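Chemist: If you read the protein sequences in the order shown, they are chains R and G.
Just so it is clear: in the first sequence, position 93 is 93 by the UniProt record's numbering, and no numbers are missing.
Just so it is clear: in the second sequence, position 173 is 173 by the UniProt record's numbering, and no numbers are missing.
These are calculated hints, taken from the structure and not from any lab test.
If you're wondering where the values come from, they're calculated on a predicted model, not measured in any experiment.
Treat the hints with care, since some could be wrong.
Pairs count within a copy or across copies, as identical chains cannot be separated in the list.
[Stated by the list, open to error] Simulated pairs of lysine to any residue, SDA-like, Cα-Cα distance not exceeding 25 Å:
hint : residue 1 : residue 2
1    : K494      : Q67
2    : K25       : N490
3    : K25       : H295
4    : K13       : H295
5    : K55       : P130
Protein chains: 2
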Amino acid sequence: MTVTEHQAQPGQKVLTPDTMNNYIKNVEYAVRGRIAIRAEEIRDELAANKKFPFKTVVNCNIGNPQQLNQKPITFFRQVASLCENPDLLSDDKASIVSQLYPADALARAKQLMKDIGPSIGAYSHSQGIPAIRRTVAHFMEQRDETSQPANINHIYLTQGASAGVQTILTLLTQDSHSGIMIPIPQYPLYSATLSLVGATPVPYYLEEQQQWGLDVEQLTTTVKEARQNGTDVRALVIINPGNPTGQCLTKENLTEILTFCYDQQLVLLADEVYQTNIYTQERPFISFRKALLDHPLAHVRDHVELVSFHSISKGVVGECGRRGGYFECINLDQGILDQIYKMASVSLCPNIHGQILVDLMCRPPQPNDPSYPTYRAEVDAIFLSLQRRAQRLEAAFNAMEGVSCQPAQGSMYLFPTITLPKKAIDHAQQLGLAPDAYYSEQMLEATGVCVVPGSGFGQVAGSYHFRSTFLPEEHLFDAFCSNIEAFHANFLKKYQ
Amino acid sequence: MTVTEHQAQPGQKVLTPDTMNNYIKNVEYAVRGRIAIRAEEIRDELAANKKFPFKTVVNCNIGNPQQLNQKPITFFRQVASLCENPDLLSDDKASIVSQLYPADALARAKQLMKDIGPSIGAYSHSQGIPAIRRTVAHFMEQRDETSQPANINHIYLTQGASAGVQTILTLLTQDSHSGIMIPIPQYPLYSATLSLVGATPVPYYLEEQQQWGLDVEQLTTTVKEARQNGTDVRALVIINPGNPTGQCLTKENLTEILTFCYDQQLVLLADEVYQTNIYTQERPFISFRKALLDHPLAHVRDHVELVSFHSISKGVVGECGRRGGYFECINLDQGILDQIYKMASVSLCPNIHGQILVDLMCRPPQPNDPSYPTYRAEVDAIFLSLQRRAQRLEAAFNAMEGVSCQPAQGSMYLFPTITLPKKAIDHAQQLGLAPDAYYSEQMLEATGVCVVPGSGFGQVAGSYHFRSTFLPEEHLFDAFCSNIEAFHANFLKKYQ
């Protein structure tokens with residue numbers, strides 16, 4: 001388009017979908033896309049007394065536990081509220097405040113305020129408060145049972161894992177020649193960010209029938225083909241536990257992926273935000289950090305460039321609204337670390353409330369602390385309930401005609417495959433919709449349940465899926481499953 | 001660079017300053033640049049008992065009032081801490097909690113929790129909580145004394161004004177043909193973001209001798225020249241009150257700028273984050289929103305596309321660490337509003353703590369509320385102190401040899417011009433430094449005061465400046481000024 005074409009006449013809009021940034025136009029993000037927007041409309045219409053075959057909208061499109069009434073961890077909120085209102089920490093209020101707060105919450109808040117500086121209302125170090133990065137370092141060292149210390153200068157606190165992923169993907173790419181390997185199906189943050197920078201996704205396919213497993217031979221074929229086609233493939237994204245697919249990788253698998261990254265000269269981006277959402281004993285979570293530090297080959301340990309991401313939004317914490325998280329870099333060039341710091345500086349700092357919760361997540365109450373019994377009970381209750389609901393929904397899906405669902409190993413989602421009747425597929429295509437998008441829309445209109453169609457994550461051509469969280473409250477869960485079952489049976493009947 | 005050049009050999013780093021995104025490499029952000037990083041090092045060295053000619057580092061490089069012990073507004077923190085810990089709102093705690101919190105803080109927190117939903121730990125609407133956007137709409141209507149209602153669907157809550165500016169600049173540009181008019185001197189967020197998207201800054205110069213005034217004839221010349229040179233100029237950025245320059249524009253000036261935008265088909269981006277930091281009665285703040293709605297020409301009112309930005313980080317609020325703000329769009333294409341929504345969705349939502357403070361900033365206690373006397377006293381004390389410090393520092397600068405400073409009309413900064421001795425300029429150039437960067441570094445090493453050199457904001461070639469906040473505490477302010485004066489006198493002596 002030439003300059004004169006862009007320059008509108010007075011009275012015409014300057015900024016329109018025709019003149020705007022094309023990269024942004026190409027971005028797709030189904031998790032809060034058309035169906036989720038329709039769900040919001042229905043919620044407003046219900047509030048205005050419009051009639052639907054259901055009374056409430058149930059948002060299973062997004063891992064947002066506290067929206068569906070999961071209670072926050074008491075200790076975390078106690079400490080955060082004390083930091084928020086430092087009057088409560090003053091000596092003259094102590095006798096009243098001690099009736100509301102346990103001693104360890106008060107002590108932790110005082111320690112944090114000392115670490116943070118005069119106020120949580122100040123910008124912090126761009127990379128995050130040093131003392132909180134020390135907490136993160138210690139957390140990773142303990143989690144990974146390694147003697148190798150984590151370097152706080154290689155840890156960056158972020159406004160949620162998404163912000164970190166966007167920074168690193170942008171740094172790694174430049175134009176359509178730059179390629180990043182992403183799983184299919186994938187959480188669409190990755191494809192959205194690559195669209196935004198105009199880079200090329202290099203998809204590799206997870207094996208649904210192998211419990212969404214990851215085959216390194218296939219990775220090798222994929223990278224070689226992409227490079228032969230002129231794509232400068234620079235990094236591999238692994239989401240473990242999987243999103244939307246929930247699988248959890250074995251240590252053997254992690255080890256061979258790291259070797260592959262060394263051999264193929266790829267930076268490894270490990271999205272590990274669901275690391276505590278693990279529902280089977282056979283597949284415990286092992287971090288890529290641990291797999292790298294324990295790797296049998298010294299040249300892999302010493303060279304593979306790893307960036308791993310974590311978040312306060314998932315796990316049993318579920319503090320999505322605060323926007324907090326971190327990433328750690330291993331084996332990255334110092335010049336790159338400096339560039340990441342510079343980019344963090346342009347945005348000044350991650351919000352302090354998110355940083356505080358990173359500290360609390362990484363350093364929860366310990367067995368002898370006054371808050372420990374409550375903390376333990378809350379964490380266990382949330383975890384066991386998530387596990388039961390995952391299994392309940394997996395069973396419900398597998399009992400539905402033409403639906404098949406892999407085991408719920410981890411994350412907050414199930415991603416069943418659905419065999420849709422030909423008539424339904426034809427009808428969807430007449431409407432210009434992906435067949436699973438049509439199915440998901442019909443589910444929303446019939447039940448109020450909002451899921452995300454498989455087409456929003458990518459899938460093998462000709463297969464159809466949807467992603468649903470298992471986050472509706474447990475006392476509503478049977479009704480939730482029955483609603484989906486009834487809808488599905490009706491849908492099949494209608495189109496068979 | 002070809003693909004094979006990019007593909008490193010095993011054992012070499014994949015991601016290096018040579019292979020990374022060039023746009024990021026080109027980004028410069030002096031506010032937290034080299035001198036600020038050195039200030040952090042000195043702080044660490046002081047903590048480790050290294051000797052310097054001063055005892056503390058004073059960060060005047062950034063408008064971060066609470067870092068320098070400005071107290072947060074009590075009512076705001078009370079409400080926020082109640083939202084943080086909903087246990088405090090339960091009936092069984094009411095008798096204890098009422099000893100700590102005034103009734104209006106409790107009522108506001110209960111109202112906010114009702115508006116927000118089950119928890120502040122949930123992702124909100126991507127665009128921000130609707131009830132808080134209603135508060136913003138009402139605030140703007142009152143501020144601007146206009147009958148025209150603000151549309152909450154055209155308001156987007158953000159993680160600070162910076163995040164909003166980055167979204168809009170990215171949307172408006174695509175490549176090196178896209179141009180955005182930015183003031184010189186400018187807050188370097190603008191040039192940094194344009195570097196990041198590879199777009200072209202089209203600089204216009206503020207008139208230092210006219211109190212950093214803005215001449216519309218010069219704007220016209222600038223846009224015409226840029227277009228003749230093939231740049232597709234799409235928008236005009238105005239920072240009012242100015243940053244780093246502190247000037248506040250008259251309504252006549254705003255009106256002619258709007259006419260200019262109509263005539264030249266430019267979207268207007270109005271950075272109004274310092275709207276309550278106004279220190280002279282002759283130059284009250286008038287928003288571009290008001291100037292547009294009041295514009296005498298109907299075609300300007302109906303067509304000029306305006307995006308205006310506000311923040312909780314500045315004013316007397318100073319809640320930088322929360323990362324909160326908003327922007328409002330007027331006359332924007334619906335398709336563009338949808339695209340902004342989509343981009344907000346990819347980042348899920350602005351953090352809720354920032355959103356809560358937007359609500360509080362826009363709807364503070366009113367005269368008959370229990371918290372009003374304290375609120376009023378706190379706000380007045382902060383404001384009057386800022387005003388005194390602005391005038392004190394302005395006077396100090398103007399009393400220094402070879403230094404001249406325009407009146408402190410607004411914002412949190414002064415931007416004096418300094419006449420540097422030729423020997424100092426030569427010496428700086430031998431070191432490969434901008435002369436004002438050298439001056440600022442020497443100031444830091446001698447006094448612990450960290451300022452930002454004018455070269456970080458842009459300035460007329462051959463002129464030298466620095467930006468300093470006037471945020472050091474009032475009881476330390478005389479010593480702060482004396483330290484700068486003594487340094488300056490010594491610097492001149494050394495190089496004359």
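Chemist: Determine for every hint whether it applies to the structure shown.
Modeler: Here is what the structure says about each hint:
1. K494 x Q67: neither (33 Å within a copy, 64 Å between copies)
2. K25 x N490: neither (37 Å within a copy, 56 Å between copies)
3. K25 x H295: The answer is neither: 42 Å in one copy and 33 Å across copies each exceed 25 Å.
4. K13 x H295: This pair counts as between: shortest inter-copy Cα distance 18 Å, intra-copy 58 Å.
5. K55 x P130: Classified as between: cross-chain Cα gap 21 Å, same-chain 48 Å, threshold 25 Å.
Taken one by one, the earlier hints fail for this structure at numbers 1, 2, 3, listed in ascending order.
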